[in-house]
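The two chains are supplied separately, each in an independent frame; assemble them into the complex guided by the hints.
Chains as they are written, first to last, in my numbering: chain E, 1 to 199; chain H, 1 to 183.
By construction, these hints were calculated from the structure, which means they are not laboratory data. The model shown is predicted, which means the values in this text are computed figures rather than measured ones. No residue lacks a Cβ here, since even glycine has one placed at the ideal position from N, Cα and C. Take these hints with a grain of salt, some might be off.
Said to hold, decoys possible - Capping the alpha-carbon separation at 30 Å, the derived lysine-lysine pairs in DSSO-like fashion look like this:
1) E:Lys25 <-> H:Lys40
2) H:Lys34 <-> E:Lys60
3) E:Lys25 <-> H:Lys43
4) E:Lys159 <-> E:Lys60
5) H:Lys43 <-> E:Lys164
6) E:Lys54 <-> H:Lys40
7) E:Lys74 <-> H:Lys34
8) E:Lys13 <-> H:Lys43
9) E:Lys54 <-> H:Lys34
10) E:Lys130 <-> E:Lys120
11) H:Lys43 <-> E:Lys74
Claimed, not checked - Covered by chain E, according to a simulated footprint, are these stretches of chain H (three or more residues, beta-carbon under 8 Å):
12) 8-17
13) 20-28
14) 36-43
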Amino acid sequence: MWTEDELIDGCLKFRQDAQKALYEKYAGVFRAVCRRYITDPHSAEDLLHDCFIKIFMNIKKYNGTGSFEGWMKKVIINTAVDHFRENKTISLNFGIDEADEPADEDTENNGQPEETDKVKAAILSAEFTKEEIIETVNRLPDGFRIVFNMYVFENYQHKEIAEKLNIEVSTSKSQLSRARKLIQKRLLEMCKNRVGMIS
Amino acid sequence: MKTEENYLDKLVLNAFPDNIASERNVTLWNGIRKTLRFKKFFKLSLNTFNVYYSAIILTAVVSTSVYYICKDAGNSSPTGNINCQQQPAAENNVAPDQAQSANSERAGEAQISPVCGQNMNKAARENAVKEPSTVTKDAIDLNIVDKEPLLDNASKAKKVKVVKKQLVITDTIRKKDTVIIRK
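Bound-form chain H, shown alone (with noise of 0.2 Å):
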């Protein structure tokens, strides 16, 4: 049996030739370069498409997330309303800028400015001597302390007379701070 196998594979591997010449070579050839010739250009393209399609994703990416990081900043800072800083009255400094700008509101501890009190809103002035259970918030804006060093800043040299008046305390104003209005 093996013997009769290995003459029938001798006989067809000496009957097949190893090297078959055509005369379509060159055709053939000519057709293989252009075939390389545009995978080569087409794997180019594809490196150079993911590298610009990566590169805008990328931007697109960072630009959404910085649009949004911008936003929530802008949503959550103040009104462009600088709160009036409140001296204590031991300090006694306060500078006049700070005063001008002064709108606060604030509705927490009493912090009152005698420097905020000569911008006081005449509104605000006359709803706190109505109204003197809600003036908290006015009452702040009001804050015209009679002590002589906090008059000189806010008054600029005028001698204010103010009549004293006291308001209602409530749980954020403190019984030592005394709104003086002018009448």
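In isolation and in its complexed conformation, chain E is listed as follows (with noise of 0.2 Å):
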């Protein structure tokens, strides 16, 4: 069983058994992290492929500070928005799908849903399927989705946002927003389809 400094030195020197441990040792929870930011399994497969060569590259950067599984995770996301910026074009500031939906009137009444509790109580009684939930997040365009994930399954913060997609702070917080209304919408209409339970 090899110790995480005994990976990272066996790596460093560029030794196959190591590397082949920290592989087996990381893939699962890194094809999750790739799942996350790219929807399609064979180019998130791609995704994983590029980040473990990656980080086998440039392991030499990494100076200690920090969890070595946190500045892995770095390495997946900068590749996954680089993977972004390469093959297609990030819309950060409108939601593709937002643009053939009529206007809400939780937008119109700045962007305070209606009946909050009412909504949060059908939502969390409908017991959606975790597939339905990850379809429901998939279906986010790609800015949306991008945000959405760093701030909630990375913790990153606003600030750190901005900068790793060169946008403004408000931008990100108004992606994130934007975000959850969609998704929270959304599962209110699986819900209004399944059992029309809120008029």
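As structure tokens, then:
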């Protein structure tokens, strides 16, 4: 069983057994991270491949500050953002799906949703499956989903998100707010479609 | 608002897995291993290439510099003719070999060496007779001095009868030095 220091030392020396041990230990975790940013499973595998290559080639840049796993996750997130920049245009200021949707009463009411407790109760009582929730998040526009993932899963602050994505802090906050509203809205629609619980 | 945001975040956090296993783990690892091998080889080759490339450049620069230095040094050196070193009359110590190789082109001070006179060019001698005004160089070449110590070295025990002939003195020839021409 390898300790973290042994893994790092072995990978610094390009030892294949150390690299394989590191891969086997973290492949599942990092695959889950990649799937959150890239919804297509095959593209997520390609991203995972690129991430491990970057980790092994740049492991000497890890200076011991912070956890090693946290450093590797940062590499993955940076690689995922670069992937989006190379392959797609991240529309961070305007969600693609929102363009076709009529204005909500929520947005007209200064962003405050009406009947908050009822909505919350309905969503929680609907007992959505994990796959349904994952599907709902994956349907978010790329910009919304990246900011949402970085804030909720990776616990980035808005300032860090803004620096990484080269956007304003206010933009990051608005993207997160709109992502949450969109998730809530879609879950509510699913509730209505199921049972017709809330009129 | 805050409670609403938190409940959605929690809902999503609980839904997404922390770890996803895949049947493609082994395949992916093989791909990573191949890529790492290539990158390692490429990196090593690049470093090696940089070393060789730098060595080649350095060698070329040094060789070119040495070539041009030697070329310049060759151009500025004397043409191979050793000046007939003029010894003052008072010294009277002129080596025979210096006289033998004399073919002075110096138009400076009048430096007459009796030793050099032994090797005087016949044509130069004739020129000195015919054109005394232009015999500065020839006068130097002729430079026979009727002094016994010098003559001994030059003539090799031969007694030379010389006839003094006064040449036109130029600015470069000293009055005391006379050229003696054997008729």
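Q.
Would the hint linking Lys54 (chain E) and Lys40 (chain H) be met if the CA-CA limit is 30 Å?
A. Holds. Lys54 (chain E) to Lys40 (chain H) sits at ~13 Å (cutoff 30 Å).
Q. Is Lys13 (chain E) within 30 Å of Lys43 (chain H), Cα to Cα?
A. 14 Å, holds
Q. For the pair supplied as a hint, Lys34 (chain H) and Lys60 (chain E), is the alpha-carbon distance within the 30 Å limit?
A. 20 Å, holds
Q) Has the given pair, Lys43 (chain H) with Lys164 (chain E), been kept, meaning a C-alpha gap of at most 30 Å? A) With Cα atoms ~29 Å apart, Lys43 (chain H) and Lys164 (chain E) stay inside 30 Å; holds.
(Q) Lys74 (chain E) and Lys34 (chain H) were given as a pair; does the straight-line alpha-carbon distance stay at or below 30 Å? (A) 24 Å, holds
**Q.** Holds or violated: Lys43 (chain H) to Lys74 (chain E), with C-alpha atoms at most 30 Å apart
**A.** 24 Å, holds
**Q.** Verdict on chain E covering the stretch 8-17 of chain H, criterion of 3 CB contacts below 8 Å
**A.** holds (count 9)
Q: Compare the distance between the alpha carbons of Lys54 (chain E) and Lys34 (chain H) with 30 Å, and conclude whether the hinted pair is satisfied.
A: Given pair Lys54 (chain E), Lys34 (chain H) holds - Cα atoms ~14 Å apart, limit 30 Å.
Q.
Closer than 8 Å Cβ to Cβ for three or more residues is the test here. Does the stretch 36-43 of chain H pass it with chain E?
A. holds (count 3)
Q. Straight-line Cα separation of Lys25 (chain E) and Lys40 (chain H) no greater than 30 Å?
A. 23 Å, holds
Q. When you check the alpha-carbon spacing of Lys130 (chain E) and Lys120 (chain E), does it fall within 30 Å?
A. 17 Å, holds
(Q) Lys159 (chain E) and Lys60 (chain E) were given as a pair; does the straight-line alpha-carbon distance stay at or below 30 Å? (A) 27 Å, holds
Checked against the numbered hints given earlier, this structure breaks none of them.
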